[in-house]
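A.B. asks: Given the sequences, and given the hints that come with them, work out the whole structure.
Number of protein chains: 2
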Amino acid sequence: MMQALDTQVNPMSGEEVDGGVAGAGVNQRPTTLQWGGPNGVSTNMGSPGPLGSLTPSPATRSKIEQIKQWSLSTYKCTRQILAEKMGKGIRTVDGELEANIELLRETHQKYLNILRLAKLLTSHFYNTVATQAALGECFSDLAQKSPELQQEFLYNAETQKNLSKNGETLLGALNFFVSSLSTLCNKTIEDTLITIRHYENARLEFDAYRCDLEELSAHGGPAQATKVVEAKASFEAQRDKYERLRGDVQIKMKFLHENKVKVMHKQLLLLHNAVSAYFSGNQSSLEATLKQFNIKVKTPNSSSPSWLEQ
Amino acid sequence: MMQALDTQVNPMSGEEVDGGVAGAGVNQRPTTLQWGGPNGVSTNMGSPGPLGSLTPSPATRSKIEQIKQWSLSTYKCTRQILAEKMGKGIRTVDGELEANIELLRETHQKYLNILRLAKLLTSHFYNTVATQAALGECFSDLAQKSPELQQEFLYNAETQKNLSKNGETLLGALNFFVSSLSTLCNKTIEDTLITIRHYENARLEFDAYRCDLEELSAHGGPAQATKVVEAKASFEAQRDKYERLRGDVQIKMKFLHENKVKVMHKQLLLLHNAVSAYFSGNQSSLEATLKQFNIKVKTPNSSSPSWLEQ
Numbered sequence: 028m029m030q031a032l033d034t035q036v037n038p039m040s041g042e043e044v045d046g047g048v049a050g051a052g053v054n055q056r057p058t059t060l061q062w063g064g065p066n067g068v069s070t071n072m073g074s075p076g077p078l079g080s081l082t083p084s085p086a087t088r089s090k091i092e093q094i095k096q097w098s099l100s101t102y103k104c105t106r107q108i109l110a111e112k113m114g115k116g117i118r119t120v121d122g123e124l125e126a127n128i129e130l131l132r133e134t135h136q137k138y139l140n141i142l143r144l145a146k147l148l149t150s151h152f153y154n155t156v157a158t159q160a161a162l163g164e165c166f167s168d169l170a171q172k173s174p175e176l177q178q179e180f181l182y183n184a185e186t187q188k189n190l191s192k193n194g195e196t197l198l199g200a201l202n203f204f205v206s207s208l209s210t211l212c213n214k215t216i217e218d219t220l221i222t223i224r225h226y227e228n229a230r231l232e233f234d235a236y237r238c239d240l241e242e243l244s245a246h247g248g249p250a251q252a253t254k255v256v257e258a259k260a261s262f263e264a265q266r267d268k269y270e271r272l273r274g275d276v277q278i279k280m281k282f283l284h285e286n287k288v289k290v291m292h293k294q295l296l297l298l299h300n301a302v303s304a305y306f307s308g309n310q311s312s313l314e315a316t317l318k319q320f321n322i323k324v325k326t327p328n329s330s331s332p333s334w335l336e337q
Numbered sequence: 028m029m030q031a032l033d034t035q036v037n038p039m040s041g042e043e044v045d046g047g048v049a050g051a052g053v054n055q056r057p058t059t060l061q062w063g064g065p066n067g068v069s070t071n072m073g074s075p076g077p078l079g080s081l082t083p084s085p086a087t088r089s090k091i092e093q094i095k096q097w098s099l100s101t102y103k104c105t106r107q108i109l110a111e112k113m114g115k116g117i118r119t120v121d122g123e124l125e126a127n128i129e130l131l132r133e134t135h136q137k138y139l140n141i142l143r144l145a146k147l148l149t150s151h152f153y154n155t156v157a158t159q160a161a162l163g164e165c166f167s168d169l170a171q172k173s174p175e176l177q178q179e180f181l182y183n184a185e186t187q188k189n190l191s192k193n194g195e196t197l198l199g200a201l202n203f204f205v206s207s208l209s210t211l212c213n214k215t216i217e218d219t220l221i222t223i224r225h226y227e228n229a230r231l232e233f234d235a236y237r238c239d240l241e242e243l244s245a246h247g248g249p250a251q252a253t254k255v256v257e258a259k260a261s262f263e264a265q266r267d268k269y270e271r272l273r274g275d276v277q278i279k280m281k282f283l284h285e286n287k288v289k290v291m292h293k294q295l296l297l298l299h300n301a302v303s304a305y306f307s308g309n310q311s312s313l314e315a316t317l318k319q320f321n322i323k324v325k326t327p328n329s330s331s332p333s334w335l336e337q
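Chains as they are written, first to last, in our numbering: chain A, 28 to 337; chain B, 28 to 337.
No lab work stands behind these hints: they were computed from the structure. Don't take each hint at face value.
As the list makes no split between identical chains, a pair holds if one copy fits it or if it spans any two.
Unchecked claim - Listed below are the simulated DSS-like cross-link pairs for lysine-lysine, each with C-alpha atoms no more than 25 Å apart in a straight line:
#, residue 1, residue 2
1, K146, K192
2, K172, K289
3, K188, K146
4, K192, K281
5, K214, K146
6, K214, K279
7, K95, K172
8, K259, K95
9, K289, K137
10, K279, K293
11, K146, K172
12, K188, K293
Quantities reported herein were computed from a predicted structural model and do not represent experimental measurements.
C.D. replies: This is the structure in structure tokens:
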């Protein structure tokens, strides 16, 4: 019983006998391997624990079965990774999908960079607006106390205060842009990227079980028939999982693309219109833009005319 | 000789005899007093050094004379400060001049605050402009790689790049404003404030010698005639010094006022015109303003038309 268990638990020896793979370079227990396994379960194989008992309980047996499955899968996937890295293994490639995934990852990075810069711009602009407000107060104060320079201080005070007030409206637009882009990058795109990572794991497992089946079919004699049937079942299960996840990724990426274009179209339009309105001194156009995008900004005197119209 | 010297060096005892002032509360050597004296000389009275010699050299005598003068002046001025603080001394007051000095000090503080805020604004605006340039680059890059959002990215790239370019021109104006205001606050006004501090010291000395003379004239008998003549000469020297410095202050403040109004008029006009031009998107007006004030800004494409005219 111990001998049989040992053979089963150590998939390396099992594979060496069954598939005849020359495992010289990887002839070690998979305990040191970093592969997370299909369920992401990481089990410490170094302490067999209940294996010392001659009559294991059903719970122990189930646990042993899990460990066996995990070890087998880990071994197969690791072997596949190594084979692919050494250019020996055959890798299932969906060229178009992989190119799209690569493009999505690139776009994600670029959008994250825009998000970072937009946050930075908002922060610097916030400080600028606050300083303009303080400067406006200072100029107002000096206008009252400098008869010879009253006019000069007055119109500077007016300009700085209006810039500060309109700046707060633009800050509303910038905050909305940052918030929407953050949701797009960190929630919407990230959700698809998680499915893509599941799909990529499934592709690896599928290839691992496919190679396994191909080797068994090629080298196995009639005595291996049961093993071939088992391997075929595993392979088909992995293929179904892979194809289901590939379908998920394709659908998610299609919807993400549409959503991304829609969100970015809206946000880029908002950003451009708000920034152009503010930096051309058009307060009414700036407020119209914010109204158009349903952005609420706390401006106590929003009904006053544009500072350039005064 | 030692006894006579000691009496002369310690002006407290001399004054007690001459003027009959009850010095019980201040009956101590003036070594611990913080008054800088008319020449700002601070001498350590704790170590008399050459006083131990019975026949002092001419150099030693001159030094002793200096110490004596300084001690006398320090004592008189300290007594005057204490008397003024206790509301007993009579203080020479030039109401108009003192009001103007107070106003100048207030204005100086307010201008320093504007300078601080203008520096802060320049710094925040510099960061904003740099972020706009980076964002413009990002948008340009994405315009090439996003066929569906090409237009949206393109016009945002254009806007941010133009804002950044024009922002550099405005930064030129802000830097010029900060530099001129800094010269006004830290050189021009400061120079007059130094003269004012000299004038205020001279006023204190003048009042101290005036009180001294008044006391001598009131209480002194015929035996004190020489001392009264001496005190009168000292009083007149201090009065001349005080009046000369008062004249200096009046002239300096008059010129400073004219200069300050001229500089501030120019700088406030520049600030307003440059800020208004920039924040109304009028690049040609912004450049005309800088040209008008002879401000050179490194803009590689300054001949291109305004971004709002495009």
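A.B. asks: Work down the list of hints and note, for each, if the structure agrees.
C.D. replies: Here's how the hints hold up against the structure:
1. In this assembly of identical chains, the alpha carbons of K146 and K192 lie at most 25 Å apart whether taken from the same copy (20 Å) or from different copies (21 Å).
2. Taking identical chains as interchangeable, the C-alpha atoms of K172 and K289 lie at most 25 Å apart only when they sit on different chains, with a minimum of 16 Å there against 54 Å within one chain.
3. For the identical chains of this complex, K188 and K146 are neighbours both inside a copy (24 Å) and across copies (17 Å), given an alpha-carbon limit of 25 Å.
4. Within a single copy, K192 and K281 get their C-alpha atoms no closer than 42 Å, and across copies no closer than 39 Å, so neither meets the 25 Å cut-off.
5. Proximity of K214 and K146 under a CA criterion of 25 Å is satisfied intra-copy only: 17 Å inside one chain copy versus 40 Å between copies.
6. In this assembly of identical chains, K214 and K279 lie within 25 Å of each other by CA distance solely inside one copy; the values are 13 Å within and 67 Å between copies.
7. For the identical chains of this complex, K95 and K172 are neighbours neither inside a copy (87 Å) nor across copies (48 Å), given an alpha-carbon limit of 25 Å.
8. Proximity of K259 to K95 under the C-alpha cut-off of 25 Å is restricted to the intra-copy arrangement: shortest distance 18 Å within a copy versus 115 Å between copies.
9. For a Cα distance limit of 25 Å, the shortest separation of K289 from K137 inside one copy, 17 Å, qualifies, whereas the shortest one across copies, 51 Å, does not.
10. Taking the shortest Cα distances, K279 and K293 sit within 25 Å of each other inside one copy (21 Å), while across copies they are farther apart (62 Å).
11. Taking CA atoms no more than 25 Å apart as the test, K146 paired with K172 passes between copies only; the shortest distance there is 23 Å, against 40 Å inside one copy.
12. Only between protomers do K188 and K293 lie at most 25 Å apart by alpha-carbon distance; the minimum there is 21 Å, versus 30 Å within a single protomer.
Of the numbered hints given earlier, the model fails hints 4 and 7; all others are met.
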